[in-house]
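Here the structure of chain A is known, so what remains is to put chains B, C and D in place on it, guided by the hints.
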Amino acid sequence: MGLEPGRLHFSWISSAESTKFARVAQEVTEAVKALGPNRHFLKEKAKVA
Amino acid sequence: MREYTDKIRQIARRLLEEGKVDRVIGFKKGSMPMMNEPCVIRRPQDADQLIWDGNCGINLANYLTGAKDKVGVVAKGCDSRNIVTHIIENKLDRDNVVVIGVPCQAMIDKRKIAAAVDGEISEVTETDDGKVVVRGNGFEKTFDRAETLQDNCAICVHRNPVICDEPVADPVPEQTDVDRYADIRAIDAMSDAERKAFFDDMFAECIRCYACRNACPLCYCPTCFVDESRPQWVGKGQDENDIRTFHFLRAYHCAGRCTDCGACERACPVGIKMRVLTRKLEKDCKELYGWEAGMSVDQRPPLDAYKPNDPDAFIK
Amino acid sequence: MTKDVIGSVLVVGGGIAGMRSALDLANSGYYVYLLEKSPSIGGVMSQLDKTFPTNDCAM
Amino acid sequence: MEIVRHPRYVDESKCIACGACYEKCPKKIPDTYNQGLAKRKAIYVEYAQAVPLKYRIDPDTCIYLQKKKCGACKKLCPTGAIDFDMKEKIDTLNVGSVVLAPGFKPFDPSGFDTYNYANLPNVMTATEFERILSASGPTTGHLIRMSDHKEPKKIAWLQCVGSRDINRCDNPACSSVCCMYAIKEAVIAKEHSGDDLDCAIFYMDMRTMGKEFERFYENAKKKGVRFIRCRVHSIVPVGDTGDMELRYVTDDGQVTTEIFEQVVLSVGLQTPPELVALADRLGISLTKGNFCKTDPFEPVATSREGVYVCGAFQGPKDIPQSVIDAGAAASAAGEFLSPARNTLTRVPEIVPETNVINERPRVGVFVCRCGVNIAGVVDVPAVAEYARTLPYVEFVADNLYSCSQDTQDIMAQTIREQNLNRVVVAACTPKTHEPLFQETLIAAGLNKYLFEMANIRNQDSWVHKNNPELATEKAMDLVRMAVSKAALIQPLKETALNVNQAALVIGGGVSGMNAARSLSRQGYVTHIVEKSDTLGGQARNLHTLPSGDKVADRLEKLAAQIEADEKITVHLNTTLAGVEGFVGNFKTTLAGNGGEQVLEHGVAVIATGGQEYKPAEYRYGEDPRILTSLELDRKLMDNDPAIESARSAVFIQCVGSREPERPYCSRICCTHSVHNSIELKRANPDMNVFILYRDVRTYGEKEYLYREARELGVIFVRFDLEHKPEVRKDGDRLIVRVIDHVLGIPMDIETDILTLASAILPNREEKLARFFKVPLNEDGFFVEKHAKLGPSEFATDGVFLCGLAHYPKPIDESIAQARAAASRAITLLAREKIHTSGQVAEINPSWCSQCGTCVSLCPYSAPTFRSPEERFWPGKAEINPALCKGCGLCVASCRSGAIHLKGFDNDQIFAQIFSMNEAG
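Protein chains in written order, with the numbering used here: chain A, 1 to 49; chain B, 1001 to 1316; chain C, 2001 to 2059; chain D, 3001 to 3920.
Since the hints were derived computationally from the structure, they do not count as laboratory data. Hints may be right or wrong, so weigh each one.
To be verified - Think about it this way: if two alpha-carbon atoms lie no more than 30 Å apart in a straight line, the pair counts; the simulated DSBU-like pairs of lysine-lysine are:
no.: 1; chain 1: B; residue 1: 1307; chain 2: D; residue 2: 3902
no.: 2; chain 1: B; residue 1: 1112; chain 2: B; residue 2: 1273
no.: 3; chain 1: D; residue 1: 3431; chain 2: B; residue 2: 1316
no.: 4; chain 1: D; residue 1: 3902; chain 2: D; residue 2: 3587
no.: 5; chain 1: D; residue 1: 3068; chain 2: D; residue 2: 3054
no.: 6; chain 1: B; residue 1: 1307; chain 2: D; residue 2: 3465
no.: 7; chain 1: D; residue 1: 3027; chain 2: B; residue 2: 1316
no.: 8; chain 1: D; residue 1: 3833; chain 2: D; residue 2: 3567
no.: 9; chain 1: C; residue 1: 2037; chain 2: D; residue 2: 3105
no.: 10; chain 1: C; residue 1: 2037; chain 2: D; residue 2: 3190
no.: 11; chain 1: D; residue 1: 3474; chain 2: D; residue 2: 3014
no.: 12; chain 1: D; residue 1: 3190; chain 2: A; residue 2: 20
no.: 13; chain 1: C; residue 1: 2037; chain 2: D; residue 2: 3024
no.: 14; chain 1: B; residue 1: 1236; chain 2: D; residue 2: 3902
no.: 15; chain 1: D; residue 1: 3465; chain 2: D; residue 2: 3075
no.: 16; chain 1: B; residue 1: 1141; chain 2: B; residue 2: 1196
no.: 17; chain 1: C; residue 1: 2037; chain 2: D; residue 2: 3068
no.: 18; chain 1: D; residue 1: 3474; chain 2: D; residue 2: 3493
no.: 19; chain 1: D; residue 1: 3785; chain 2: D; residue 2: 3222
no.: 20; chain 1: B; residue 1: 1316; chain 2: D; residue 2: 3587
no.: 21; chain 1: D; residue 1: 3221; chain 2: D; residue 2: 3785
no.: 22; chain 1: D; residue 1: 3028; chain 2: D; residue 2: 3067
no.: 23; chain 1: B; residue 1: 1273; chain 2: B; residue 2: 1316
no.: 24; chain 1: D; residue 1: 3474; chain 2: A; residue 2: 20
no.: 25; chain 1: C; residue 1: 2037; chain 2: D; residue 2: 3833
no.: 26; chain 1: C; residue 1: 2037; chain 2: D; residue 2: 3089
no.: 27; chain 1: B; residue 1: 1112; chain 2: B; residue 2: 1141
no.: 28; chain 1: D; residue 1: 3724; chain 2: D; residue 2: 3614
no.: 29; chain 1: D; residue 1: 3567; chain 2: C; residue 2: 2037
no.: 30; chain 1: D; residue 1: 3221; chain 2: B; residue 2: 1307
no.: 31; chain 1: D; residue 1: 3222; chain 2: A; residue 2: 20
no.: 32; chain 1: D; residue 1: 3150; chain 2: D; residue 2: 3067
no.: 33; chain 1: A; residue 1: 20; chain 2: D; residue 2: 3028
no.: 34; chain 1: B; residue 1: 1286; chain 2: B; residue 2: 1316
no.: 35; chain 1: B; residue 1: 1316; chain 2: D; residue 2: 3150
no.: 36; chain 1: D; residue 1: 3154; chain 2: B; residue 2: 1316
no.: 37; chain 1: D; residue 1: 3069; chain 2: D; residue 2: 3028
Isolated chain A, as found in the complex (with noise of 0.2 Å):
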C-alpha cells in the first residue's frame, strides 16, 4: 500500500528468549533509524491559534 518495507516487522519470541528480544528490537529501531523519518501517510498537525 506504499508503507515504506521496514516499518512493519514481525518476530516470535518467547519470555525467556532476552536476548533475543534485545537484539531484534536493536535490529527493528536501526533499520528504522536507517529509514529515516517516516515520508508517507504524514498527517498534518491540525494548527492551532
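Just chains B, C and D, lined up with the frame of chain A:
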C-alpha cells in the same frame, strides 16, 4: 437470455404458488437502458416482471442480510458465493433461502458502453450471437459482447452457482485460462515510491461517499468502523491518509470473504478501481491458505481460524 | 485407613513432577510442604532449552 | 518427618534480588546450573527466572564462610538480608502423606575412558549441550564448541550412554527420553547454525514412542539429520585440532571412519546414591535398576502406605509422563487424606470494597527507589515531583522498598486517609509484583483492578544505567502514561460461579474406572457412561502383564469396587446425546436403555479408549493361525492347545503403525510381543520364536523383558519399511519370508502361530469432540491442553482426558493418567466456586454483527451466540466470563469493533499512547 428470463419467471411463480417462499428477489427492467433494478415479488402473478440479461450485475445477496422469512433469490456465481458467506456468518439461514441459480454468462459494463458512444443511449440489446447493439439518438453501434464485460466478469472463474436449489439452466463452462492477478503482480513489483504514487493517483478522486461499502454484501456491521467515534479510527475529512485508511481497512475486512462480485467498483461514482485491494488479499488467501471465499458452507474463512501449520514466513 | 489423618502432604523434590503434584494437592484443599535441596525450584526442566514436539521454550 | 533446612545465609524475607551482592562478590566458581560451562559467584541465584528469586550463598566457596574474610555482600546489601550466622535447622513436620518427586541424575560418563569425556572439551553430555543451545546459557545460545569457540560444522550424538549397558556400567534399563532429546537437539542445532550443519545420531533402536514423537523423528530425517544404527566404541581425538574421529559400521557392514567437530553423549537417567539411601531410610522398595518399585495397577504407590512417587524416580520417563504421574500421586495422596481436606488450609479475611464508580479519579502515585536499584540511576524525587503535576494525581510518595511489608501497610493506610481511588506504582515488573500490590489495594478496600504499574526498573534503570538523565526522563514518561491510563480504569467485577460437585466419566475401561474411583474416593459423586454392556474396555482382552498379574483378576476386583461404590453410578449401554453448559455447570443428555436423561455435572473426564487395528496386510483373515496380539492373548487365556503344540511362532511388529498413513508408534506392541514371546517360551521352551521388528521399543525398565526374551532364545530379526516381511501359504504350511539384516538374504520361517502386533486406533469420537469443544489430532486422538504441561486436560476448562483416547499406552500409564485427570478435575471441584477474572472480553451487542468470527477463533470457546428466541439481543454473540482468558484475540478480530477487553479498553490504551507522544 430469453430462456433464462422465462425459466426464472416460471420458477418464481411456482415457488410463490406452492408457498415455498414468501418472496422472490430478482431483477426487473429499469426505466433507463442498462439500469435493471432489483425487485421483490410477493405474488405469483407479478412473476412476469422478472427478467434476466447482461445488466443484472447487482449482487442480490445484499438484500438477504438478516432475512427471517422464506426467500427465493436469483443468484449468479458470485451472488451464490456471497449467499454462502452469509450463511457462514449467520446472516441467513440456509433453510430459509431458495437459490434460483443462474449459470452466469458475464455481465456487461454500462460505463464501458457509455464511454464508447457519443450521445444518450436509448436502447441496448444483446443478440444470441454474442453482440451488443446500442442505439441512441441518431446512432447505432454494435459491440462484441466480450469487449463490453465488467472487469471482474472478464476474469471470473466461478460463473456457476456454488449452491443452487432451482437451476435456471445447465452449467456454463468455467473460464480456466484467465490470469486473475496480472495487475496485482505489477503492483507487487513496484517500488514503495511507485506504489505510493499509484495509490495516490487511484484515491485522488475519492469523495468518501461510502457507496462501495454500502453496495458490498460483506459490509453489514451495525456500526461501521468509519462511523465510530470512540475511538475514532478514521478521520472524517478528505485527508489522503483517512481516505487510504478507509479503503485499506475496508479491504482487510473483506479478506478471505470477498468473491470479487464487483459491487464496489460498480457503485463508485468516480470510478475508483478498488478491486485491486480486495484481489491482492484474495490472491494472498489463495496462495497462503489455498482458499477461495464462499465455496463451502462448512468452512470458515482462513483468517477466522488458527492452524499450527499456517504459513509464517514473514515472522522473523 | 485411620479417620484422623493429617490434611498435609510433604512433597520431596521441586522439579516438574514435584511442582505439579504440590499444586494439585494445594488446590485440592491440602496443606503442602514442598522440599527442594537446591535454592530454587524448577529441576532439570528449567535447564532445558526447548522441548519437543512443539519446540516450546522449556522455561 | 524431620527435614533439614540448609542455611541460605540470605534472609528470604529481606532479599529483594537487587543483585548488588552478586556485583561485588569476588569469588568466581563454576556455575552448576550451566553444567559448569560458565562461571558464577559464590552468592547467586540459579537463573534469572528462578523461584524464589532470592540470593543464596554457597557455603563451600564463600570466602567469608570459609575463612571469615571478605563479607562484601553483607556491607553492601541495602536491606541487611545477609546473615552469615544462619545455621542448619531441623524442622519436624507432621504430615498425612508424602509424595516423592526427587527426580534423577544424568549419568556421569567420565568413567568411560573410550569416550574421553573427561579429557576432550568437545565431548559433552546432552545436558551440557542443552545449556549451549539455551539463550540463557553460557554462550547466550550461540552454538560454539568449548575448545576453541568455533562453530562446529559436524556434530555427532551417541545414544545409550549409561543406558542399556551392562558391560561398562550397571544400567541395563532404557532411559526412555534420550532418543527424543537427541533428535530435538539435532533439529534445534540446525535451527541455530543453518541447514548445512551436519548432525548424525548413532543409535541402537530409535525409541520415539510418545505422542507426536514419530512425526518429529520423520521430520528430522527430512531436515537432513542422519540416523546411523551403530554403537560407536570410542571417540578418538584428531591431533590437537579439537576434532574427533568415530569408527562405525554402516547398515551394509562397511566399516567407516568419520571426523566430527563436536560429540554429544546422550546420557541416561539414573537414581543417585543419596536417593537410594533415602529410600532405605523411608523403608520403600526399589526395582533392580534402583527405581521406585510400584504395581502396574497402583503405579504411584510405593511399598509403604501413604508414601507416593512420581517423576523419574518411579522409572525413567519424560516430562509429560512425569506430569501425569505427578497428578496421579497428588490424587493418590488426596484419596488417602480425603477426610482431612481443608483442615489445615487457611482462608484470608475479606475487606469490604469501597464503591468508587462515578467518583472523580484521585490517583495516588508511589515511586519506588528499590534501594539503589532504581534510585541509583533514576532521580526518584524528581520523578515524584513530576508526578505531582499530572492531572488527577492527588498524592505522591517515594518509597525505599515498596514491596516490603511495612511499606505495604503504610500504602494501605495512605489509600484510606487520602481517599485515593486509583493507584499507580512505579517500580519493578508487574509480572512478579502486580499481585502483591493488588493485595494492598484489596486490604485498603479498593477493587484490585484500580491499579496500574509503571516498570521503571527492569525496563528503565537497569537498561539505561549509563545514562541517568535519559532514564529519569523515561521514568517520567512511563509514569505519565500509567497515570493517563489509571484515570480511565474502572473497577472490574469477578463473578463467582458455583461448581456442580458431580463428575461425569465417559468410558468404563480401566482408565474410566480409575478416574471414577479416584473422584469418588475424594468424596465426589461420579457417573460413568459406558456404551457397551460391561465395564472393562480393552483390558478385558489382555491376558497377563509383564509383572505376572492376570489382568482379568485385577479387572474383576476393580469393577467390583466400582459397582460397590455408593458414590459411583454406572450407566451401561449409554451414550451422550448432547452437552450444554461450561466448566462447573455442564448439562449432559445421556441416551440409552430406551430413554434420555439429563445429568448436571461440574467436570467431565473423557476416557473413551481405543481399539485394535484389524490388519489388511500379511494375509490376516485368510488363515486361523494368523492372529492379532489380542487374539493371541485370548488363546493364552483359554489355554488353547494350539499354543502348546506349536513348534514355531512369529511376531511381526508395527502392523499398521509407523506407516505413512498412520505415522505414529502404538507404544505398547513391542513390550506386548516380547512379553508374549516369553510366555510362549515358558509354555513350550522348544518352540522357535521369532520377533520381526523395525526398532525394539521396550522403553524404561521394560528393557529387562527384552533381555530376558533374548536369553530365553527368542530370535529378533529386523526389517525396514521398504522390505517388509511377506507371508505366503505353501499347501498347509504358513511361511514368513524376511530379509535378514545381518546376512542381507531372504530367510523363510515356517510358523504355526503368526502374531501381527497391530496398531492401536483411536475411536475418532468426533461427536464427543464437538459436544465438549475439544480438538482431535490428525490421527484421531484427542489433543490435550499442552503436550508437556497439560497432558491430562483440555484447553476447554473442566474437561479432562486419559487413557487410549489420548494416545496408545500400557495399563499402568493409563491408570496414572486416569488418576491425574481426576486430580486435575478435583482441583476444580474442591474450589466449589470459580471466580472469573475481571480482565475479560465483553461484547457490545448493539454493535455485534453476529458474523461468528470470535466464536470460530476463540481457543477457549468463550464466545457463543445468544439464542434466537432470547428477548434481548437475540442471536448476538456474548462472552462467558468463566471461560474467557482475556487474551484479546476476539477483540482484534472483530470487524464491527463490538468487543472490548475490560482493563485494556481502547480509550485506556489510546490515552497511554497519546500521552507517550508528548515525549516528543
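A quick look at each hint next to the structure:
1. B:1307 - D:3902: holds, 27 Å
2. B:1112 - B:1273: holds, 14 Å
3. D:3431 - B:1316: Distance ~26 Å between residue 3431 of chain D and residue 1316 of chain B Cα, so the pair holds.
4. D:3902 - D:3587: holds, 29 Å
5. D:3068 - D:3054: holds, 23 Å
6. B:1307 - D:3465: Not satisfied, since the Cα-Cα distance of roughly 43 Å exceeds 30 Å.
7. D:3027 - B:1316: Since the Cα atoms of residue 3027 of chain D and residue 1316 of chain B sit roughly 40 Å apart, the hinted pair is violated (cutoff 30 Å).
8. D:3833 - D:3567: Holds: residue 3833 of chain D and residue 3567 of chain D sit about 21 Å apart, inside 30 Å.
9. C:2037 - D:3105: Status holds; Cα separation ~14 Å.
10. C:2037 - D:3190: violated, 35 Å
11. D:3474 - D:3014: holds, 29 Å
12. D:3190 - A:20: At roughly 17 Å apart (the allowed maximum being 30 Å), residue 20 of chain A and residue 3190 of chain D satisfy the hint.
13. C:2037 - D:3024: Answer holds: residue 2037 of chain C to residue 3024 of chain D is near 26 Å, not above 30 Å.
14. B:1236 - D:3902: holds, 28 Å
15. D:3465 - D:3075: holds, 22 Å
16. B:1141 - B:1196: Roughly 40 Å separates the two Cα atoms, so the pair is violated.
17. C:2037 - D:3068: holds, 25 Å
18. D:3474 - D:3493: violated, 33 Å
19. D:3785 - D:3222: Holds, at about 28 Å.
20. B:1316 - D:3587: Distance of about 45 Å is beyond 30 Å: violated.
21. D:3221 - D:3785: Within the cut-off at roughly 28 Å; holds.
22. D:3028 - D:3067: holds, 16 Å
23. B:1273 - B:1316: Roughly 34 Å between the alpha carbons, so the hint for residue 1273 of chain B and residue 1316 of chain B is violated.
24. D:3474 - A:20: Given pair residue 3474 of chain D, residue 20 of chain A holds - Cα atoms ~23 Å apart, limit 30 Å.
25. C:2037 - D:3833: Judged against 30 Å, a Cα distance of about 35 Å means the pair is violated.
26. C:2037 - D:3089: holds, 13 Å
27. B:1112 - B:1141: Holds, at about 13 Å.
28. D:3724 - D:3614: holds, 18 Å
29. D:3567 - C:2037: violated, 41 Å
30. D:3221 - B:1307: Given that 30 Å is the threshold and the Cα spacing comes to 23 Å, the pair holds.
31. D:3222 - A:20: holds, 27 Å
32. D:3150 - D:3067: The given pair, whose Cα atoms are some 40 Å apart, is violated under the 30 Å limit.
33. A:20 - D:3028: holds, 27 Å
34. B:1286 - B:1316: holds, 23 Å
35. B:1316 - D:3150: holds, 25 Å
36. D:3154 - B:1316: holds, 26 Å
37. D:3069 - D:3028: holds, 15 Å
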